[in-house]
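Asks: Spelled out, the chains give:
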Amino acid sequence: MHRLPFLIGRRLWQLVPIIVFATFVVFLLLHLVPGDPAVTLAGDYASKERIAEIRQIYGFDKPLIVQYGVWLGHTVTGDFGKSLLSSAPVLDLIKQRLPNTILIATYALLIAGAIGIPLGVLAATRVGSRVDTFVTSIASLGVALPSFWLAILLVANFSLIFHWFPATGARPITVDPRLAILHATLPAVALAVGVIAELARQVRSALIEVLSSQYYRTLRAKGLSPIAMLWKHGLRNVSVTMLTILGLQVNRLFSGAVVIEAVFAVPGAGQLVAYSAINKDFPVVQGVVLVLVVIVILINLTVDVLSALLDPRAAQA
Amino acid sequence: MTAIVNQGPVRPRSPLSRLWRWMRSDVRAVLAIGYLTMLVIVSLFAPVIAPYSPLEQNVANLLLPPDTHYWLGTDDLGRDVLSRLIWGAPNSLYASLLAVSVAIALGVPIGLIIGFVGGWFDEVASRFIDALLSFPPIVLAIAVTGALGIGLTNAMLSVGFVFAPFLARLVRAQTLTVKNALYVDAARGFGASTTHIIIKHIVPNAIQPVIVQVTLMLAIALLAEASLSFLSLGVQPPAASWGGMLARAYNYIEIALAQMYAPGFAILLTALAFNALGESMRVALDPTMKRR
Chain A
9 MHRLPFLIGR
19 RLWQLVPIIV
29 FATFVVFLLL
39 HLVPGDPAVT
49 LAGDYASKER
59 IAEIRQIYGF
69 DKPLIVQYGV
79 WLGHTVTGDF
89 GKSLLSSAPV
99 LDLIKQRLPN
109 TILIATYALL
119 IAGAIGIPLG
129 VLAATRVGSR
139 VDTFVTSIAS
149 LGVALPSFWL
159 AILLVANFSL
169 IFHWFPATGA
179 RPITVDPRLA
189 ILHATLPAVA
199 LAVGVIAELA
209 RQVRSALIEV
219 LSSQYYRTLR
229 AKGLSPIAML
239 WKHGLRNVSV
249 TMLTILGLQV
259 NRLFSGAVVI
269 EAVFAVPGAG
279 QLVAYSAINK
289 DFPVVQGVVL
299 VLVVIVILIN
309 LTVDVLSALL
319 DPRAAQA
Chain B
79 MTAIVNQGPV
89 RPRSPLSRLW
99 RWMRSDVRAV
109 LAIGYLTMLV
119 IVSLFAPVIA
129 PYSPLEQNVA
139 NLLLPPDTHY
149 WLGTDDLGRD
159 VLSRLIWGAP
169 NSLYASLLAV
179 SVAIALGVPI
189 GLIIGFVGGW
199 FDEVASRFID
209 ALLSFPPIVL
219 AIAVTGALGI
229 GLTNAMLSVG
239 FVFAPFLARL
249 VRAQTLTVKN
259 ALYVDAARGF
269 GASTTHIIIK
279 HIVPNAIQPV
289 IVQVTLMLAI
299 ALLAEASLSF
309 LSLGVQPPAA
319 SWGGMLARAY
329 NYIEIALAQM
339 YAPGFAILLT
349 ALAFNALGES
359 MRVALDPTMK
369 RR
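In order, the protein sequence lines correspond to chains A and B.
Residue numbering for the first sequence follows my numbering, beginning at 9 and increasing consecutively.
Residue numbering for the second sequence follows my numbering, beginning at 79 and increasing consecutively.
Next up, chain A with everything else stripped away, as it sits in the complex:
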């Protein structure tokens, strides 16, 4: 396993351009706003002096690439600026909000993995059967279902009619884990359904491909059933694919969280970014988008490294 540090080093090196481009896109968001960015950042009713000061701090009179450098310098040192609405440091806002989003997203990913992957396996090992038709139909439905509508229907039934779960809000998991999980359950379920559908579909088609390979045909000829083949020979082969598919869902989870958090009034990062975008609080928007994209990039890196550990062929790619 002495190759591992080398491998991680190479992956990190490949990440550099992606991180540079991603941060540049976040930086550019402010420049998409029509008008002078200094006036935008100074907020409403700002004095001329304040605007001039901001122009000075961010170097808005200098070339774009210099401005990017200045902005990146601030950001890397943890200075994400201040909210235009509350003047709280953006980083503090994110630290308050992000744990709620992470809890819901992780919870949803666990639910989705526990249901979606077995469904995909079940369908792939019985292609053309009723089970397969059932799974693919359910998956088609799940992909097209607006998650916030499902969320509303969940609230209507399980909060307002049965009173099983609280309808809104969130609790920190560090204070009261039971209550935190209870609050996060409905949002996580609403978020999970689309991911279950996506996982079932992708796992199914990936497995069908694997199971139709020569290697598996030989096993089949030896009289093994598809399920036995998977258990005895296949899971390691398939685990890399599944890991990749799971990793790709993080983007979907964060996207869904924005709307789901709005339905359940969860004070999370998604709600923060939507509220800030509507109210033109751009330092907060940039901060949240940056943190989320960095999380996604780091998860992709982890998936890459784990895949390489599981499958030596992937290390060569």
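Warning: the hint list may mix true and false statements.
Covered by chain B, per the in silico footprint, the following chain A stretches (three or more residues, Cβ under 8 Å) [unchecked claim]:
id	segment
1	68-79
2	90-98
3	162-175
4	277-283
5	292-301
6	304-317
By construction, these hints were calculated from the structure, which means they are not laboratory data.
We put the CB at the ideal spot given by N, CA and C, even for glycine.
Chain A is already provided as a structure; the job is to place chain B on it using the hints.
Replies: Frame of chain A; chain B shown alone:
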């Protein structure tokens, strides 16, 4: 040569009978096309079809349950829900088409150029596309919408911008494959110009997966519009949108639950129809794929 078995009369099928055979073989696509055609008609003739004005408020009829006058009831301002549902259709279709058009206009040429130029330019541009694809799509769309200014058109421009890298990556990959194919080499050997190669060889080969992807994108764009309008970043009140209707109705969920159903089903059915169409096209256009 008498061994040839006569397999029945071989006569060219009429277009009508071919259509009929196709319809019987792909019921899903027929249903999807039927539903979407209906939706287009409803959108075009919304002013004629809608029984009431979608904007007219009536304080005497707040949050009425469905009855013979108001088939789907009224909302919290006494507006007819059915009429708002009908007026929401053109907004949703406009939104999906706009977002996907922007994605095509940006993604396809960029993908072609990257794939065709290749080399270090491909390396750099591909990393840029990777970076864009690392953003959670709706989050980036919300951020861009906030920057451009909220409203349906800006929201859908943003969604289109967010979708573009998906198409660019697809078109790039197709271009790379076709560019190095033997017959393209041959064409080049005969002195074909770059423009000729792109138009005559690369575009026709790259177009099939793009058509499938674009159809599936219509569904994602529709769901994105509904989400953004639900968050009040998309269609602005008092104009009607399905996502916006759900957002309003959610405030009164305890007294008027019935209002949650119609807009939700409208979004679901339309997204299903786009997806079904996309899947059917994938099967129809891909000769190697038989009924998956």
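Asks: Could you run down the list of hints and mark each one as holding or not?
Replies: How the hints compare with the structure:
{"no.": "1", "hint": "68-79", "verdict": "violated (count 0)"}
{"no.": "2", "hint": "90-98", "verdict": "violated (count 0)"}
{"no.": "3", "hint": "162-175", "verdict": "holds (count 3)"}
{"no.": "4", "hint": "277-283", "verdict": "holds (count 3)"}
{"no.": "5", "hint": "292-301", "verdict": "holds (count 6)"}
{"no.": "6", "hint": "304-317", "verdict": "holds (count 3)"}
In this structure, the hints that do not hold are numbers 1, 2, in rising order.
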